[in-house]
Amino acid sequence: MTTSADWGWPLGVFIPEQLSFVRAFNNPTTSELIGAGAASLVVLGGLALAVFLIWSGWWRPIWRDWLTSTDHKRIGIMYIVLSLVMLSRGVIEGALMRTQQAAGLNGGFLTPDHFAELFSTHGTIMVFFVAMPFVTGFINYIMPLQIGARDMSFPVMNQVSLGLTVVGATLVMISLVLGQFSTGGWTAYPPYTGKVFSPGVGPDYWIWSVAIAGIGSTLTGINVAVTIYKERAPGMHLFRMPLFTWTALCAAIILIFAMPPLTVSTLMLAMDRYLDFHFFTNDLGGNMMNYANLFWLFGHPEVYLLVLPAYGIFSEVFATYSGKRLYSYTSLVYATMAIAVLSFTVWLHHFFTMGQGANVNIAFGIATMVIAIPTGVKVYDWMATMFRGRIRFSVPMVYATGFLILFVIGGLTGVILANPTIDYQVHNSVFLVAHFHNVLIPGVLYGMLAGYHFWFPKAFGFRLSEGWGYVTATLWIFGFAFTFFPIYFVGLLGMPRRSVSYSDPAFEPFMLVAVFGAAMILSALGALVVQLLVSIRKRETFSVPLGDPWNGRTLEWATPSPPPEYNFAIIPTVTDRDMFAVAKAQGNAFEKPAEYEDITLPKNTAIGMMVWVSGTGLGLALVWQVWWLVLVCVIGMLVVLIGNTFRTDAHRVIPAAEVAAAHQAWLDQIAAATPVGRLGEATPHNKGLAAQEAVQ
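When we follow the working numbering, the leftmost residue of the sequence shown carries the number 9, and every step to the right adds one.
None of these hints come from the bench; they were simulated from the model.
Predicted model, so just to flag it, every value in this text is computed and none were measured.
For each residue, glycine too, the CB sits at the ideal point set by N, CA and C.
Among the hints, a few may not be true.
Unchecked claim - Restraint-style ranges between C-beta atoms, simulated for each label pair:
#1 L520 / A680: 52 to 60 Å
#2 K611 / Y432: 53 to 61 Å
#3 V640 / Q364: 42 to 50 Å
#4 L27 / V640: 18 to 26 Å
#5 I413 / D73: 39 to 47 Å
#6 L501 / A392: 17 to 25 Å
#7 L246 / P24: 34 to 42 Å
Take the sequences, apply the hints, and build the full model.
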């Protein structure tokens with residue numbers, strides 16, 4: 009076998025045998041062939057996409073209008089596209105693991121190392137590169153519109169944040185082809201992920217993908233918080249902000265304070281591996297409990313960082329499709345703030361069994377139970393919002409209803425696990441796997457999918473197919489139930505998590521039901537793609553250019569679909585919490601302003617793309633210890649970022665006449681259109697002008 013020394017210092021520790029195709033050729037087992045097949049899909053898919061973009065000429069508008077854009081809306085859409093791409097891989101890996109466990113009584117078809125790599129990539133992808141970009145994408149797109157802003161406070165930093173997040177996702181995808189990913193799970197607990205027990209590059213892929221993406225997320229948190237504090241429209245004080253914006257603010261605050269512990273812990277682990285430090289080793293003063301505390305000081309606030317924006321989406325959905333104001337808005341706001349604060353007080357319940365005293369466990373167990381109170385307040389407020397409302401069971405409401413039922417079950421199992429004596433019995437069993445998914449799939453993914461269907465017409469100017477939407481939502485809801493409810497029972501029977509196989513035949517029937525559910529979830533992913541393709545094909549029938557297909561209540565619906573790059577012809581003045589609903593009821597939602605003004609916007613820039621390229625090179629160089637490339641990429645990134653500060657032509661002006669012409673054309677379309685009531689929302693007559701009605 010060749011060694012890295014045979015290839016010389018320019019390639020670091022890389023050797024040809026690290027390529028997945030070479031491994032499969034040398035050792036053609038089922039596991040290696042599956043890995044090589046996945047790598048082939050990544051390589052061939054990337055090449056096919058590049059060839060198509062060049063052949064069609066689409067690369068020019070994609071570069072000009074998207075990849076170099078500083079428009080918060082386009083950046084938000086790119087976050088969501090990244091999330092959906094990574095969701096595809098995450099769901100496929102989850103289905104593969106369930107299939108392996110269904111056949112686990114007879115050993116299955118995956119090697120233990122391959123299975124361990126799958127659950128590591130699956131967890132890392134779903135948390136850091138599906139849920140996080142999905143949440144960030146919605147906040148980027150919707151929040152500035154809801155507060156009446158032109159853009160984020162720091163548009164270029166917004167682009168850089170996206171670039172850093174894409175770097176992390178790119179490294180995870182490259183690990184399919186070059187080397188292997190970590191087998192230490194999404195938490196990467198040392199000392200297993202230290203150099204002694206994991207000498208390969210797998211943990212390094214995890215470290216640098218998470219660390220680099222984490223820096224981007226921290227910058228996003230700062231940007232969102234500053235935007236909400238500084239860019240709100242006149243009259244929009246804090247208690248006139250929509251609930252989604254409140255949840256975005258609390259999520260941003262969590263990001264700012266929770267991401268640094270993750271970044272610090274990953275860098276300390278890197279120093280253990282690269283520089284022979286002993287922060288988390290078993291000897292020379294190391295203590296892995298320091299890592300556990302640092303990681304979960306991030307890890308549990310992270311759950312609420314993801315769940316809170318989904319709560320905000322559900323709040324918008326319940327109010328809109330019930331035709332009512334949110335019940336007890338103030339208590340929902342205080343509950344949101346309480347959850348954000350309490351999320352930092354419960355991290356130790358993730359390791360009740362690791363040796364701290366009973367008094368410490370009791371304190372954190374009580375704190376974990378207390379956080380259920382503001383969550384319960386939200387559930388009751390949403391139910392009260394629906395009470396006596398004029399409910400339309402559109403697709404987002406199906407997701408919201410599924411969330412109410414399934415998330416409450418997941419929350420109750422969380423309260424059960426808050427009792428240390430019970431946690432001792434089921435810790436490290438698949439019961440915890442079921443609970444974790446029972447929180448994140450209904451609590452986060454359903455919220456994101458509801459928001460995807462709800463705001464898609466705003467972003468692209470046409471509705472998604474309702475029929476395929478119902479199919480997709482049904483498959484997601486029942487697929488989840490069939491997959492994870494049996495896993496609760498298997499956990500109570502004693503099946504350890506991360507089990508590639510088992511010897512107890514009592515587990516097998518439950519795992520067979522779970523793999524059936526996994527097939528339903530895989531079908532839901534396919535139905536999501538079909539829904540999009542059908543909707544694109546029928547986009548003329550589904551078009552809603554006037555901007556208000558669902559009789560919306562907040563300011564994002566007071567713009568055309570899609571909104572212009574400057575969002576509003578004039579910045580609105582806010583006098584009510586449901587400003588757009590009130591304006592429609594009063595008959596002054598679409599009035600022409602007395603005068604228009606020039607609008608100043610930032611120019612396009614390629615800084616985000618440069619950060620992505622240099623950041624990906626830096627990450628790969630660190631993984632493979634190519635130190636000259638590390639130096640080149642660091643210098644390149646610094647040159648790009650510092651050079652940007654010397655730009656003198658960073659803005660452009662849109663003349664008032666151009667703004668007035670576009671706004672008048674939209675007002676003329678509205679004047680000529682026929683309003684559509686709630687019963688006509690899913691018909692071709694819905695062009696985005698909802699019939700006005702009294703505000704409830």
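task = Please flag the earlier hints that this structure goes against, numbers listed from lowest up.
result = As far as the earlier hints go, 6, 7 are violated by this structure, in ascending order.
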